[in-house]
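Visitor: Chain by chain, the residues run as shown.
Protein chains: 4
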Amino acid sequence: MQRQKIGILGATGMVGQRFIQLLENHPWFEIVWLAASDRSSGKPYGEAVKWKLDTAIPARIAGMPVSPATPEGAPRIIFAALDADIAREMEPKFAAAGCAVISNSSAFRMQADVPLVIPEVNADHLALLEEQSWRKQSGGYIVTNPNCSAIGLVLALKPLEERFGIESIFVTTMQAISGAGYPGVASLDILGNVVPYIKNEEEKLQEETLRLLGSLKGKLVEPLGASISAHCNRVAVEDGHTESVSVKLRKKASREELLAAWREFAPLRGQDLPTAPAQPVEFVAAEDRPQPRLDRMRGNGMASTVGRLRPCSLFDWKFTVLSHNTIRGAAGAALLNAELLVKLGKLEPATVTV
Amino acid sequence: MQRQKIGILGATGMVGQRFIQLLENHPWFEIVWLAASDRSSGKPYGEAVKWKLDTAIPARIAGMPVSPATPEGAPRIIFAALDADIAREMEPKFAAAGCAVISNSSAFRMQADVPLVIPEVNADHLALLEEQSWRKQSGGYIVTNPNCSAIGLVLALKPLEERFGIESIFVTTMQAISGAGYPGVASLDILGNVVPYIKNEEEKLQEETLRLLGSLKGKLVEPLGASISAHCNRVAVEDGHTESVSVKLRKKASREELLAAWREFAPLRGQDLPTAPAQPVEFVAAEDRPQPRLDRMRGNGMASTVGRLRPCSLFDWKFTVLSHNTIRGAAGAALLNAELLVKLGKLEPATVTV
Amino acid sequence: MQRQKIGILGATGMVGQRFIQLLENHPWFEIVWLAASDRSSGKPYGEAVKWKLDTAIPARIAGMPVSPATPEGAPRIIFAALDADIAREMEPKFAAAGCAVISNSSAFRMQADVPLVIPEVNADHLALLEEQSWRKQSGGYIVTNPNCSAIGLVLALKPLEERFGIESIFVTTMQAISGAGYPGVASLDILGNVVPYIKNEEEKLQEETLRLLGSLKGKLVEPLGASISAHCNRVAVEDGHTESVSVKLRKKASREELLAAWREFAPLRGQDLPTAPAQPVEFVAAEDRPQPRLDRMRGNGMASTVGRLRPCSLFDWKFTVLSHNTIRGAAGAALLNAELLVKLGKLEPATVTV
Amino acid sequence: MQRQKIGILGATGMVGQRFIQLLENHPWFEIVWLAASDRSSGKPYGEAVKWKLDTAIPARIAGMPVSPATPEGAPRIIFAALDADIAREMEPKFAAAGCAVISNSSAFRMQADVPLVIPEVNADHLALLEEQSWRKQSGGYIVTNPNCSAIGLVLALKPLEERFGIESIFVTTMQAISGAGYPGVASLDILGNVVPYIKNEEEKLQEETLRLLGSLKGKLVEPLGASISAHCNRVAVEDGHTESVSVKLRKKASREELLAAWREFAPLRGQDLPTAPAQPVEFVAAEDRPQPRLDRMRGNGMASTVGRLRPCSLFDWKFTVLSHNTIRGAAGAALLNAELLVKLGKLEPATVTV
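Residue numbers (my numbering), protein chains in the order written: chain A, 1 to 354; chain B, 1 to 354; chain C, 1 to 354; chain D, 1 to 354.
Hint data in this document are derived by calculation from the structure and do not stem from the laboratory. Any given hint could be a false lead.
Where chains are identical, the list cannot tell them apart; a pair therefore holds if satisfied intra-copy or between any two copies.
Taking lysine-lysine pairs in the DSBU-like style, the calculated list, with each CA pair at most 30 Å apart, reads [said to hold, decoys possible]:
| # | residue 1 | residue 2 |
| --- | --- | --- |
| 1 | K248 | K217 |
| 2 | K136 | K251 |
| 3 | K43 | K199 |
| 4 | K252 | K217 |
| 5 | K52 | K251 |
| 6 | K52 | K199 |
| 7 | K248 | K52 |
| 8 | K199 | K252 |
| 9 | K199 | K248 |
| 10 | K136 | K93 |
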């Protein structure tokens with residue numbers, strides 16, 4: 001199988017770096033184009049980036065020149081890791097030029113004809129992309145993955161929703177600093193501290209969760225008819241968002257039934273997507289887990305780890321969820337979306353005509 | 001006014017150290033006796049203690065010998081900062097010997113005839129102490145203050161309960177390491193990490209909150225008839241417990257009514273208790289507060305700081321509460337209890353007869 | 001005694017905030033003017049500042065309008081907390097306009113006619129200010145205090161230099177994040193990490209140390225004829241610079257002689273400067289001290305704490321030095337300089353004529 | 001090639017866990033025996049251990065029973081990860097019983113007939129093991145690797161010593177908490193703090209460095225004739241010791257000569273030891289590197305990373321060294337020693353006869 005050429009928009013940021021790390025040695029995709037802000041354009045990537053991961057920049061990538069962030073010369077598959085403001089302006093240009101834009105940005109997640117997708121949860125929502133005007137005109141489209149705080153939660157909730165129905169959700173997040181990019185959170189704000197506020201995060205977490213768990217009705221997603229309330233906090237953790245969750249189910253379920261729902265949740269089994277974890281939701285039995293330092297890399301950073309399942313005196317059950325915010329919560333999420341699109345025949349070179 | 005002689009049980013631990021720090025220069029009390037484990041007994045306090053506060057050990061205290069932890073030779077007022085297991089055995093001996101034991105331990109908090117008290121919240125529960133058999137026999141008694149995670153929350157809830165009634169409470173804590181004593185939490189467990197579990201903490205937080213907000217009916221406290229569910233987490237913060245709270249009220253209330261309830265909450269006004277903060281509940285308007293590093297010392301560490309008041313999509317309101325866990329949440333709480341007992345005439349030397 | 005009116009240049013930064021905190025209730029000085037960048041100008045200080053200290057903004061200050069950073073309308077005594085680039089341009093304007101500029105910036109520290117002073121160390125260097133052209137023309141002048149990494153070290157070295165002479169100095173610093181201002185160090189760079197580089201810091205530490213320990217020869221400071229090599233590192237500490245030091249003395253000295261030199265070092269005794277610590281160099285005997293969290297507030301943050309004195313297998317002695325980098329290392333240093341200038345009659349209102 | 005059976009003494013500690021992690025899928029060795037304290041004996045390893053690594057316990061290992069720590073039933077190759085006190089008593093028993101004890105403990109490092117070895121540095125010192133009485137009697141022996149603070153430093157110094165000679169060494173360490181084991185450093189001691197003391201560490205670092213760089217003269221190691229002074233500090237880093245180093249060379253050398261010495265240092269090239277890094281000393285050019293979070297995993301945690309090379313105003317050169325303290329500094333060091341012993345024919349099953 002020949003690898004498909006891909007490009008990365010926003011390649012020098014934290015999520016862009018994760019894309020490069022995860023795409024090194026990827027069996028299906030090959031990075032051929034890197035774009036970043038005008039400031040970086042023209043420089044070798046290795047000079048333009050402040051690399052903050054603990055693996056080396058692949059040598060081939062370090063020497064690759066940073067391209068201007070315009071569709072000219074870009075490949076047809078674009079992973080986009082842009083801030084929402086810039087994404088809002090730039091992603092449509094690439095879609096209009098015929099590119100498949102696999103976006104990690106929040107800019108278009110709630111737009112009616114843009115799929116917001118977690119492959120294990122709502123792959124069928126991808127059908128929406130055929131409704132996009134770009135798709136009809138140039139073959140291009142935008143597909144998005146959720147916010148880093150939503151994705152681990154939704155993975156944990158989906159098996160419960162399927163089997164028991166969900167009526168209400170309480171969630172308090174303790175989010176890692178890498179979620180804010182670089183330089184992001186000032187050390188004076190977070191060292192030995194908690195910041196009980198992340199701009200727009202509670203709104204995104206609430207909205208996206210219900211959309212992801214919602215149903216595709218014709219050309220629209222009908223959000224899940226459940227109530228959700230989120231408290232979002234920043235804590236002094238490098239990677240890995242921890243969430244305290246209480247849920248009220250529509251149908252009572254035993255502890256063993258919940259564990260079975262998580263254990264048996266494997267909607268991508270047999271599809272052989274390279275980035276898909278064997279077990280999307282891992283339950284950890286120890287009473288003091290999951291913990292970000294110890295559990296974020298389960299499933300190569302793509303699993304959602306659940307623990308501390310116990311009855312809730314207000315709702316039915318409470319538990320803790322953890323997922324890696326820049327792998328499963330960002331670059332890995334987009335990459336898995338792209339792999340699914342390949343399987344669905346939506347990333348065939350032939351379908352795209354610039 | 002002559003200062004009353006007091007002793008400290010468990011003087012070398014983290015809470016014991018706070019007692020010493022807070023009692024230095026106290027206008028009403030004077031430390032004359034310090035007790036700790038057998039290992040420390042006989043040594044000068046300055047040698048026995050691993051002092052972990054950022055103010056110096058008062059010179060007079062450093063030279064004071066550590067006494068054995070027995071009532072012989074102890075003064076009649078005892079501040080107790082013992083682990084629950086030891087407290088369960090030791091505090092009754094001091095009460096039986098005629099001591100007023102002002103305890104920070106959880107050992108007897110839920111015992112029917114032992115007052116669990118926050119002076120601003122349920123001072124009337126102190127009447128229970130007259131029911132104690134020790135009181136009747138020797139004049140001694142035990143009075144307790146709540147768990148460090150309960151006290152800030154209950155201070156914030158009390159004004160709402162008084163004016164609007166409380167039906168349901170969701171609370172997720174992010175607790176400081178000093179709450180676990182010394183050596184307490186291993187650095188390998190908490191640096192760059194969150195531990196979503198603190199043994200027995202959720203149970204204590206839930207039970208104590210309802211008891212503190214409950215009503216004294218004859219010789220019993222009837223807990224508040226509300227539902228409460230707690231998630232307790234440990235985070236990499238030295239001092240100050242942060243809590244994300246959602247509440248459902250019995251009577252709808254506007255934002256301004258909530259703010260007024262907190263602002264006007266001043267049940268100890270006019271009593272001139274030295275350790276009482278002028279404003280027990282401080283509201284901070286900035287969108288990203290309260291934060292432990294910046295707000296824990298409000299009211300000299302005795303205030304409960306509230307912020308981020310906003311509507312809750314599941315209950316009525318949500319907000320963040322912060323309080324200093326070893327001042328308001330431990331030594332300062334006990335000290336304020338003692339000051340109230342002085343006002344009530346329950347710490348008069350004459351009432352105690354060994 | 002009437003308090004003298006002072007202004008603060010760069011009032012919204014981290015050092016500016018410390019000036020405000022330290023000057024609240026100062027017996028000699030009263031803040032009447034606050035200036036910051038154009039962006040802040042005109043706003044009430046409480047709105048313009050991102051206050052990062054754990055004490056409240058004094059109410060009077062919060063309401064004070066931020067003035068433009070020009071000498072017009074400024075009082076004659078100016079505490080300057082500006083970045084070096086801005087200071088280089090702005091401080092001379094204030095000096096030319098007749099102001100006594102008490103500067104914390106590095107911009108003019110090494111200029112021949114600008115005194116670089118620690119009151120306990122080289123108060124006589126203040127004579128240099130009479131050489132400044134501004135002084136001759138308008139009465140204005142610039143006086144500076146050293147870099148935050150130099151000041152604790154020099155306080156510890158001065159008593160040794162006086163009694164035994166110093167030939168060589170090795171110093172490795174572990175510096176707190178607050179030294180970089182706000183937002184300063186990104187949390188992704190320092191959480192669970194060490195950064196072995198602080199721009200220009202080693203050069204400043206080396207140069208300033210020798211100048212501070214140098215001698216005033218006529219109109220010039222002759223630096224100390226010693227060798228010094230510095231390694232500067234940033235660590236995950238909020239406040240307090242820790243330094244590992246080895247020294248070679250010109251005259252051999254015993255442990256007890258070193259301890260006596262530090263203990264008896266009290267050059268400001270009897271001067272009653274409000275900010276001067278009773279003991280400028282405190283020795284702490286415990287084998288694992290000084291530590292930033294426990295010792296930075298000695299002498300109200302104005303002491304240099306020394307510990308771990310032991311023989312050095314390469315030089316004569318090695319020890320650890322700690323001092324608070326934004327109090328003794330910045331705002332407190334400037335304030336103590338100003339107090340000394342008052343004593344010397346160099347801050348009399350009459351001497352300044354705009 | 002059949003894998004040789006090995007056992008781990010002290011398997012539940014932090015270094016024991018690293019042994020298990022590094023030995024999973026090792027081509028030459030297979031874990032067949034795990035021993036720990038009596039408390040753990042008999043339990044399945046997965047229950048006995050508090051696993052603190054971010055990879056899962058291999059399933060086969062989790063189910064393996066923990067054996068008593070006695071030579072009966074133990075395989076002939078033993079990796080020992082014991083505290084020094086216990087090692088002093090226990091390792092000789094295993095050596096006497098015919099085991100090759102590859103020890104990470106400090107207990108016998110300075111004993112004349114026990115090799116203290118870094119394969120890239122002083123492989124010839126292994127000859128000493130033939131002098132051990134155990135070797136002569138039972139075939140068993142003890143081989144040790146250095147302290148975690150010495151190993152990265154010595155790797156960086158060895159190429160300089162070879163080419164230019166070393167006269168003097170100054171080193172200040174900033175050591176990670178994992179070096180103290182679990183629970184090890186209390187979080188209250190290190191969060192937002194520096195502890196300028198690690199018991200016996202400076203002595204070990206000084207002594208071991210000179211022995212490792214020393215020469216085998218007959219049956220004795222003659223330590224390097226250089227002076228060394230160490231300052232050891234603990235900082236809030238999980239893994240990775242950072243060291244600020246100044247060296248005085250016997251023969252002047254240029255920057256380019258030093259870089260070449262490090263670049264060309266490859267004494268194990270061609271030996272194909274599975275754990276040996278391709279480049280034992282990596283130089284990183286960025287001005288603010290190496291940093292523990294970013295560089296500790298170079299060479300799979302087995303490289304020593306050097307950066308910030310610059311002239312020293314007291315000695316010749318100064319630079320920063322970083323190495324992973326529980327991989328290259330402990331379990332990985334022992335494992336590489338074992339691999340070298342296999343190459344040398346000292347771990348052939350036939351040579352050992354119980």
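Visitor: Against this structure, judge whether each hint is valid.
Guide: Hints, one by one, checked against the model:
1. When the C-alpha separation of K248 and K217 is checked against a cutoff of 30 Å, the pair qualifies only within one copy, where the shortest distance is 25 Å, while the shortest distance between copies is 34 Å.
2. Taking CA atoms no more than 30 Å apart as the test, K136 paired with K251 passes in neither setting, with 43 Å inside one copy and 54 Å between copies.
3. Taking the closest pair of Cα atoms, K43 and K199 come within 30 Å of each other only across two copies (24 Å); inside a single copy the shortest separation is 33 Å, beyond that limit.
4. In this assembly of identical chains, the alpha carbons of K252 and K217 lie at most 30 Å apart only when taken from the same copy (27 Å versus 36 Å across copies).
5. In the homo-oligomer, the alpha carbons of K52 and K251 never lie at most 30 Å apart, since the shortest distance is 46 Å inside one protomer and 38 Å across protomers.
6. For the identical chains of this complex, K52 and K199 are neighbours both inside a copy (24 Å) and across copies (19 Å), given an alpha-carbon limit of 30 Å.
7. With identical chains, the CA atoms of K248 and K52 are never at most 30 Å apart, being 40 Å at best within one copy and 33 Å at best between copies.
8. For a Cα distance limit of 30 Å, the shortest separation of K199 from K252 across copies, 27 Å, qualifies, whereas the shortest one inside one copy, 35 Å, does not.
9. With identical chains, the CA atoms of K199 and K248 are at most 30 Å apart both within one copy (27 Å) and between copies (25 Å).
10. Taking identical chains as interchangeable, the C-alpha atoms of K136 and K93 lie at most 30 Å apart only when both belong to the same chain, with a minimum of 14 Å there against 65 Å between chains.
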